[in-house]
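Trainee: Going down the list, the protein sequences come from chains H and B.
Residue numbers for the first sequence follow the working numbering, beginning at 1 and rising by one.
Residue numbers for the second sequence follow the working numbering, beginning at 1 and rising by one.
Errors might be hidden in some of the hints.
As the list claims (entries may be wrong) - To spell it out: a stretch of chain B is covered by chain H in this simulated footprint if at least three of its residues, at any positions, have a beta carbon under 8 Å from a beta carbon of chain H; those stretches are: (1) 119 to 129; (2) 139 to 147; (3) 258 to 271; (4) 305 to 311; (5) 316 to 324.
Said to hold, decoys possible - To list a few chain B residues with every Cβ distance to chain H over 10 Å, as calculated: (6) Phe9; (7) Ala78; (8) Ala81; (9) Thr85; (10) Ile96; (11) Val156; (12) Gly167; (13) Phe176; (14) Leu194; (15) Tyr250.
Don't read these hints as lab results, they were simulated from the structure.
Ideal Cβ placement from N, Cα and C applies to all residues, glycine included.
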Amino acid sequence: MIARLRLRERLRDRDNAVYAILLILALIWPLATIYASDSTFLITQAGHAGTWVLLAIGLNVVVGFAGLLDLGYAAFFAIGAYTYALFASDQLGSSPAHHSFHLPFWVMIFASMFVAAAFGAILGFPTLRLRGDYLAIVTLGFGEIVPQLFYNIDQWTGGINAIGNIDHPALPFWVTGPWAGDSNVALVRNFDFGFDPVAYYVLIVILIIVAVILVNNLYRSRLGRAWMAIREDEVAAAAMGINTVSTKLLAFAIGASFSGFAGAYYGANIGLVSPDSFLFVVSVTVLVMVVLGGMGNISGVIVGALIIYFLLYNVLPALPSTVESLAKAVGLGALNQQNGEWPGLAGAAQRLQFLLYGLILVLMMLLRPQGIFPSRVREQELKHSGPVEDEAVVEQAHA
Amino acid sequence: MGIADLGFFTLAGVTLVLLAAQAVINPTQFAQVFVFGLADGAIYALVALGYTMVYGIIELINFAHGDVFTLSAYIGAALIAFFSTSENAFSFGNVIALLIVFPVVMLIMGVINVGIERVAYRPLRNAPRLAPLITAIGMSFTLEGIMFVWHGPATVHVPNLLPHGPGWETYIGGVFIGFKDVFVVVAAAVLVALLAVFINRSKLGKAMRATAQDRDASQLMGIDINRTIAATFFIGALLAGAGGIIWGLYFNTITYNLGFRTGLIAFTSAVFGGIGNIPGAALGGLVIGLIAAFSDNYIGPKWTQVVVFGILIAVLVFRPTGLLGMRVPEK
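For reference, chain H alone in the conformation it holds in the complex (with noise of 0.2 Å):
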């Protein structure tokens, strides 16, 4: 018993921690960027950053808790993000409707989340009888075919052309301040988002901290619990009398549901939804973020995300310039000239990100298979067998 309340609180203790931690690098973040940078540039970054944190959030209920490999998740996004585009744009005035809508963003998102969360359940509900592997193929040619359905139905949805000049969220009144790079606290009225990086920051650490608090409360009720029985031992599951299909049914739907509200997210930061934005690529990324993190365990994931972000987004587009600028310094300048089949250093090194981009993920995988922050229900069942196995079980059902 002892053992068991002093294994409780470990494992409170290094997730609160990474969440305490988190949550104060996001309250200092807009505050100590400007101050560093004089730019909003990284805040505007955060931003983004925060979209995948998203969709790494509603990946792992569907890829961690329920154990359903979903190769498409990107077509959720793609989904969430058209809803919103089209329902907020002039596109479907110059469509075969002839008529534009532009509905506040506050109502599309639940719109983006429910519609997102419909095509999870009508991809689902046919497929998830299916084996696990299986499953993994179906979601990957659905993700495959709706970025090609966006393309292809030109006249509803612009095609390659993309939907531009989205709207963006208004707010009947907003606080502006230091933070904000304004010198003074100050209530605006009839407040528009525009480009304002700061305003985006916000929305999307809200809507984190709202998604972080809500699959928490998820993983700890009755449905987490049976997702888990579910991922360790589907005969057992069913045999508990846990309906396996309407389970994991939740679980897809949910899961998608979150990449809707992250695609109306995107669709109003970016201002622009192209097919092209929600490719294999995306679905692959957000899948490592997430294995990468640690599967199951929120924590872990939110911090796979970051760190996959950074790498994609800073760390490999920097390289080129970085290696050129070196190459200066130590006296090999020649090398950055473009000569014949030389690319120059600097195209030479933007060659290479691609091969580096797979090389760290072989390495990290081989690394740490059970990912940074494994979740610890799941770091037991690994470590040891037989009675710990149990406890860590029955910890989780008291949790």
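Following the hints, put chain B in place on chain H, whose structure we already have.
Mentor: Chain B only, in chain H's frame:
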């Protein structure tokens, strides 16, 4: 016959009726599309075999396989440059080049694939199931990255070494058939036949089948599991290697990311035929090649991807075991 089978046969029946209607309306066009589809399908079949073998033995969707296929075309093109060949006329030099390049590239690809297995998959054999999937994706990016560094984003030309032009092409009832089309289909058929004999007759083939069925029991019977799995990767890469050069010689242009789409289609073929089933993968490749060709012509190229993956989903929903697959109990 269950309702699922009913759905499957209804779908297949409707498709066949629609195709038959096209065949009656314009038989020449139909036959022409059939020939091209068959040639594409033969290549998909070669790649699909690698997917199905690897999946059958270690239950891994080997995402890097499509890129092994592309890399072989890149290496093939580089090796051909060492020979004195002629693209305009068929010469003795071309025969020599092809006779040497084919086995050499296949061997190189075999060694590379065994290396990939050793580095990226074997250490994770007892890890959580998603870990090797992520390394497979990582290896896929790595191989594409290598080709990207090598030749950049532009297309790479593979010399048109197979006999072509007047004298090597003919019209049968208005249908164009070139030596290249025949070569692709025959080469693929020979390789598949060799593989079937190997799997069914040789001791290593038997070991592979046993390992696919039950790894632990095979180990108890004295089968060296690591060697058997490595051999599976080796043979899969031989076939993908041959497929890559054949693709290069047939279409004459390749790009670094060719393997992604081809790999997905080949994997679809493997699933279509019943994953883990070798004749199924070959048949699936041919059928998917034909479907893609028909869809290109009758529906429009931009819909082909939707059609192929739509069929994939329909097959999995109505007949999860594929065309030739057997019901496997959940492990």
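Trainee: Each of the hints needs a verdict: does it hold here or not?
Mentor: Verification of the supplied hints:
Counting residues of the segment 119 to 129 of chain B whose CB lies closer than 8 Å to any CB of chain H gives 6, which reaches the minimum of 3, so the coverage claim holds. Residues of the segment 139 to 147 of chain B lying with their CB closer than 8 Å to a CB of chain H number 8, which satisfies the three-residue condition for coverage. Beta-carbon proximity to chain H at under 8 Å applies to 5 residues in the segment 258 to 271 of chain B; the threshold of 3 is reached and the given coverage holds. Figure legend: the segment 305 to 311 of chain B, annotated as covered by chain H; annotation consistent (4 residues with Cβ-Cβ distances under 8 Å, at least 3 required).
Closer than 8 Å: that is the beta-carbon criterion, and the segment 316 to 324 of chain B has 3 residues meeting it against chain H, so the requirement of 3 holds. In this structure Phe9/B is separated from chain H by more than 10 Å, as the shortest Cβ-Cβ distance comes to about 17 Å. No Cβ of chain H approaches the Cβ of Ala78/B within 10 Å, the least distance being about 14 Å, so the stated non-interface status holds. The Cβ of Ala81/B lies farther than 10 Å from every Cβ of chain H, with a closest approach of about 14 Å, so its non-interface assignment holds.
Under the 10 Å C-beta cut-off, the non-interface status given to Thr85/B relative to chain H holds; the minimum distance is some 22 Å. Once the 10 Å rule is applied to beta carbons, Ile96/B is consistent with being away from chain H; the minimum gap is 28 Å. Look at Val156/B: its CB is around 14 Å from the nearest CB on chain H, clear of 10 Å, so calling it non-interface holds up. Even its closest Cβ contact with chain H, about 38 Å, leaves Gly167/B beyond 10 Å, as expected for a residue assigned away from the interface.
With 10 Å as the threshold on Cβ separation, the claim that Phe176/B sits away from chain H holds: the shortest Cβ distance comes to roughly 29 Å. At roughly 28 Å, the least C-beta separation between Leu194/B and chain H is larger than 10 Å, which holds for a residue marked as non-interface. Every CB of chain H lies more than 10 Å from the CB of Tyr250/B, the least distance being 24 Å, so the non-interface label holds.
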